[in-house]
Structure formats: structure tokens, C-alpha cells
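S.K.: Kindly generate the complete structure, drawing on both the sequences and the hints.
Chains G and E, in that order, are what the protein sequence lines are. Residues in the first sequence are numbered from 1 upward in steps of one, following my numbering. Residues in the second sequence are numbered from 1001 upward in steps of one, following my numbering.
Hints should not be assumed to be uniformly reliable.
Pairs of lysine-lysine, DSSO-like flavour, derived with a Cα cap of 30 Å [what the hints assert, rightly or not]:
id : chain 1 : residue 1 : chain 2 : residue 2
1  : G       : Lys-15    : E       : Lys-1069
2  : E       : Lys-1042  : G       : Lys-15
3  : E       : Lys-1079  : E       : Lys-1057
4  : G       : Lys-54    : G       : Lys-41
5  : G       : Lys-54    : E       : Lys-1042
6  : G       : Lys-41    : G       : Lys-15
7  : E       : Lys-1079  : G       : Lys-105
8  : G       : Lys-44    : E       : Lys-1063
9  : E       : Lys-1063  : E       : Lys-1042
10 : E       : Lys-1057  : G       : Lys-105
11 : G       : Lys-15    : E       : Lys-1057
12 : G       : Lys-41    : E       : Lys-1042
13 : E       : Lys-1069  : G       : Lys-105
14 : G       : Lys-105   : E       : Lys-1068
15 : G       : Lys-44    : G       : Lys-15
16 : E       : Lys-1063  : G       : Lys-41
17 : E       : Lys-1079  : G       : Lys-15
18 : G       : Lys-51    : E       : Lys-1042
19 : E       : Lys-1068  : G       : Lys-44
20 : G       : Lys-51    : G       : Lys-78
21 : G       : Lys-44    : E       : Lys-1042
22 : G       : Lys-51    : E       : Lys-1068
23 : G       : Lys-41    : E       : Lys-1068
24 : G       : Lys-78    : G       : Lys-105
25 : E       : Lys-1069  : G       : Lys-41
26 : G       : Lys-105   : E       : Lys-1042
Examples of chain E residues toward chain G, derived with CB under 8 Å [to be verified]:
id : residue
27 : Ser-1028
28 : Gly-1032
29 : Arg-1037
30 : Lys-1042
31 : Gly-1043
32 : Pro-1044
33 : Phe-1046
34 : Thr-1049
35 : Ala-1053
36 : Asn-1092
37 : Ala-1093
38 : Thr-1096
39 : Tyr-1098
40 : Leu-1101
Just so you know, the hints here were simulated from the structure itself, not pulled from any lab data. C-beta atoms are modelled at their ideal positions from N, C-alpha and C, and glycine is treated no differently.
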Amino acid sequence: EAGVTQFPSHSVIEKGQTVTLRCDPISGHDNLYWYRRVMGKEIKFLLHFVKESKQDESGMPNNRFLAERTGGTYSTLKVQPAELEDSGVYFCASSQGGRLATNEKLFFGSGTQLSVL
Amino acid sequence: EDQVTQSPEALRLQEGESSSLNCSYTVSGLRGLFWYRQDPGKGPEFLFTLYSAGEEKEKERLKATLTKKESFLHITAPKPEDSATYLCAVRNAGGTSYGKLTFGQGTILTVHP
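M.R.: Have a look at this one:
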């Protein structure tokens, strides 16, 4: 079974440019999450999709970040325009719906290392 | 605001030398405490969920315990392949998002042969 896949693995862009990160969750997982870890800090929640709907986007830092999950499958996270403080590792995670135990067990991708210069 | 503090930041052990990692938490209502393992260049990998004080979970050389203020991850007779960053996270009972976790900064464990 394929795990959570994220693309690209690394991205280096200049301040003011736009970057789009992609996440393919495990097939059949209704829940999709975005997290990020900036240098020296802990991993922080950004938002949660249930299928194609945003369940919780309280962790999104500002309106330069836009997340979508069209059709309830893969998700994209766009940063426009990127700022220096956006640098970090962006993780995607998914979980299966249904029972509590499956909802809470997150499977993480390997992350996208974003560097804004 | 929920807060998770892990100690020590880094721990170096000899193979076979048992030890414990600490996770102290502050949360208005604990819905679950989670332990994850993270290898370099990878995402966190789920290990355990604990729900109430006194609960214990075991997996191979790892045992997680929970009190009302902290959790411990006990590592018995570790092997070099146990080397990783161990992350603790909590979920607040007030949230509607099952996977909305507050993470600690992690403990980097290195086990020497």
C-alpha cells in the first residue's frame, strides 16, 4: 500500500515568488492535514480537510496561504507571495474516517523542504 | 493555550542501556496523548495513543505511560536502530478535528553499538 506522497521534496524560491506543494494521501483516507515545522520550532498544525471540505483552518498563518482539496483526493498548498519566514518543512498527513482510533492515527508524508531566499 | 515540553532535548545511550524520555503537557482537556517516531528525512511515524492517567502501552522495546501531567517513553535495552527523534503530542478535548495535535520539540535519541 502506498503511503502519503508529497511533491516536491525540496523547493528553493525567491521572496515574492509563488510555490505550490502537493500531497497525495493514502487511498481511501477522508482526513487530510497540513503541518509545518519552521527552523528550531515544533511541528505546528495548519489545517484539516474532511474529504473536500475544510474542517479546521485555524492554524493557517495568513491569507498568503491557500489550501485546496478538489474532489476529496489530493491536496495543494499554495504560498503566494512567499516570504522568508515561510521557510521550513511542510508535512502532509492523512487518516481514515470511521472509528475514533482510525481517525486519530495519522500517517505522515516525508515532507517538502521549502527554502525562501 | 496547549503546551508540550519534552526532555531531554538529546539523549545518547549505549546499546542495552535503558532510559526514559519525558513529555510534560498543559492542556485544558486532554483527549489523547500521542507518541511518534521520526527518522531523518522522513515524516513522523505513529507509535502510541494514551487516553487516561495510569494507562500504559507497549511495543517491542518501548513502553509509554501517562499521568495527569506527563508521559514517559521508556526504552528497554535499546538497539542502534532505535535511534530517531521521538515526538510527543496532545489533542485537546475541545477540538472537533481528530488529528489537530500540539507537538513538543522532540527528543533526539542516539544509541551507540
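S.K.: Does the structure keep Lys-41(G) and Lys-1068(E) at a Cα separation of 30 Å or less?
M.R.: 25 Å, holds
S.K.: Going straight from one Cα to the other, do Lys-54(G) and Lys-41(G) come out at no more than 30 Å?
M.R.: The hint holds at about 25 Å.
S.K.: Would you check the hint for Lys-51(G) and Lys-1068(E), treating anything up to 30 Å between C-alpha atoms as holding?
M.R.: With a Cα-Cα distance of about 34 Å, the restraint between Lys-51(G) and Lys-1068(E) is violated, given a limit of 30 Å.
S.K.: Is the hinted pair Lys-1069(E) and Lys-105(G) satisfied, with a Cα-Cα distance of at most 30 Å?
M.R.: With a Cα-Cα distance of about 22 Å, the restraint between Lys-1069(E) and Lys-105(G) holds, given a limit of 30 Å.
S.K.: Close enough to count: is the Cβ of Thr-1049(E) nearer than 8 Å to one in chain G?
M.R.: 6 Å, holds
S.K.: Is the hinted pair Lys-1079(E) and Lys-105(G) satisfied, with a Cα-Cα distance of at most 30 Å?
M.R.: The hint holds at about 26 Å.
S.K.: Should the interface hint for Arg-1037(E) be scored as holding, given a Cβ-Cβ cut-off of 8 Å against chain G?
M.R.: 11 Å, violated
S.K.: Checking one constraint from the list: CA of Lys-41(G) to CA of Lys-1042(E), max 30 Å. Satisfied?
M.R.: 17 Å, holds
S.K.: Between Lys-44(G) and Lys-15(G), is the straight-line Cα distance small enough, at 30 Å or below?
M.R.: 22 Å, holds
S.K.: Can the restraint linking Lys-44(G) and Lys-1063(E) be considered satisfied, given a maximum Cα separation of 30 Å?
M.R.: 25 Å, holds
S.K.: Was the hint right that Thr-1096(E) lines chain G, CB cutoff 8 Å?
M.R.: For Thr-1096(E), the interface hint holds, since the closest Cβ of chain G sits about 7 Å away, which is under 8 Å.
S.K.: Checking one constraint from the list: CA of Lys-41(G) to CA of Lys-15(G), max 30 Å. Satisfied?
M.R.: Distance ~21 Å between Lys-41(G) and Lys-15(G) Cα, so the pair holds.
In terms of the numbered hints stated before, the structure departs from hints 1, 11, 17, 22, 27, 29, 35, 36, 37, listed from lowest to highest.
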